[in-house]
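S.K.: Single-letter residue listing:
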Amino acid sequence: AQSVAQPEDQVNVAEGNPLTVKCTYSVSGNPYLFWYVQYPNRGLQFLLKYITGDNLVKGSYGFEAEFNKSQTSFHLKKPSALVSDSALYFCAVRDLTGNQFYFGTGTSLTVIP
Amino acid sequence: GAGVSQTPSNKVTEKGKYVELRCDPISGHTALYWYRQSLGQGPEFLIYFQGTGAADDSGLPNDRFFAVRPEGSVSTLKIQRTERGDSAVYLCASSIVAGGIYEQFFGPGTRLTVL
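Just so you know, the sequences run in chain order A and B. Taking the numbering used here, the leading residue of the first sequence gets 81, the next gets one more, and so forth. Taking the numbering used here, the leading residue of the second sequence gets 3, the next gets one more, and so forth.
None of these hints come from the bench; they were simulated from the model. Even glycine gets a Cβ: it sits at the ideal position worked out from N, Cα and C. A hint or two may mislead.
Claimed, not checked - Simulated restraints on C-beta separations:
#	chain 1	residue 1	chain 2	residue 2	range
1	B	Pro72	A	Gln151	20 to 26 angstroms
2	B	Ala57	A	Thr190	36 to 42 angstroms
3	A	Thr190	B	Arg113	21 to 27 angstroms
4	B	Glu73	A	Pro87	39 to 45 angstroms
5	B	Arg24	A	Gln125	18 to 24 angstroms
6	A	Gln125	B	Gln82	29 to 35 angstroms
7	A	Ala94	B	Pro72	50 to 56 angstroms
8	B	Thr15	A	Lys138	22 to 28 angstroms
9	A	Thr185	B	Asn12	19 to 25 angstroms
10	B	Ser60	A	Ser160	41 to 47 angstroms
11	B	Ser11	A	Ser188	21 to 27 angstroms
12	A	Lys138	B	Gly53	42 to 48 angstroms
To be verified - Residues from chain A that keep clear of chain B, each with C-beta distances beyond 12 angstroms, as calculated:
#	residue
13	Gln86
14	Asn121
15	Gln125
16	Lys129
17	Asp134
18	Ser164
19	Ala172
20	Gly186
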């Protein structure tokens, strides 16, 4: 069975500090991994994805994520947080043969001015 | 360019009523997905279409839920005999093709409230 875990419901970080939002996954075989962000009353917006190759993936708005196969993790990172980064973040996984996404329960990020 | 649109944005109905939720995908996207997002949860897969046919409807919770995509573009999610537990945000997404490396583009959702 495929699944995603986001162990932190809430992450608070001061503006200008680095941020990390954690994600671990479980799939049979190699995964495709995605991060989405959801602002209030808005749809999910694609941030970045890992397909293959370099374990460090760069995406929109200065975000990046590191794929770690041995730890089955795909943590989202940003070197310097902005207040406007405050939102709900979802990690999603899909295996190579599947079509649907399996989403985590989301992490609410608050960047404190 | 135009993204995925969903109508209505909000729908309030009474228990036992029938509702239809509409999704307009991005033009040219052949794959269309429906998800349901309950409060405090991530989106849960319901059904997806590749073209006109439902390629995978394994996520539909029961036979009160049905979706169609007759011309391979617009899709309608239909819920019969609504129950209070159906209250959630229903999300639609589309992608160029199903699966593989392609990300899904999501609409803003329809918030369904069953009284």
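S.K.: Each hint needs a verdict: does it hold in this structure or not?
M.R.: Going down the list of hints, with the structure as the test:
no. : hint                                    : verdict
1   : Pro72/B / Gln151/A: 20 to 26 angstroms  : violated, 46 angstroms
2   : Ala57/B / Thr190/A: 36 to 42 angstroms  : holds, 39 angstroms
3   : Thr190/A / Arg113/B: 21 to 27 angstroms : holds, 23 angstroms
4   : Glu73/B / Pro87/A: 39 to 45 angstroms   : holds, 43 angstroms
5   : Arg24/B / Gln125/A: 18 to 24 angstroms  : holds, 21 angstroms
6   : Gln125/A / Gln82/B: 29 to 35 angstroms  : holds, 32 angstroms
7   : Ala94/A / Pro72/B: 50 to 56 angstroms   : holds, 52 angstroms
8   : Thr15/B / Lys138/A: 22 to 28 angstroms  : violated, 44 angstroms
9   : Thr185/A / Asn12/B: 19 to 25 angstroms  : holds, 24 angstroms
10  : Ser60/B / Ser160/A: 41 to 47 angstroms  : holds, 42 angstroms
11  : Ser11/B / Ser188/A: 21 to 27 angstroms  : holds, 22 angstroms
12  : Lys138/A / Gly53/B: 42 to 48 angstroms  : violated, 33 angstroms
13  : Gln86                                   : violated, 8 angstroms
14  : Asn121                                  : violated, 7 angstroms
15  : Gln125                                  : violated, 8 angstroms
16  : Lys129                                  : violated, 6 angstroms
17  : Asp134                                  : holds, 14 angstroms
18  : Ser164                                  : holds, 19 angstroms
19  : Ala172                                  : violated, 8 angstroms
20  : Gly186                                  : violated, 5 angstroms
The structure shown violates the earlier hints numbered 1, 8, 12, 13, 14, 15, 16, 19, 20.
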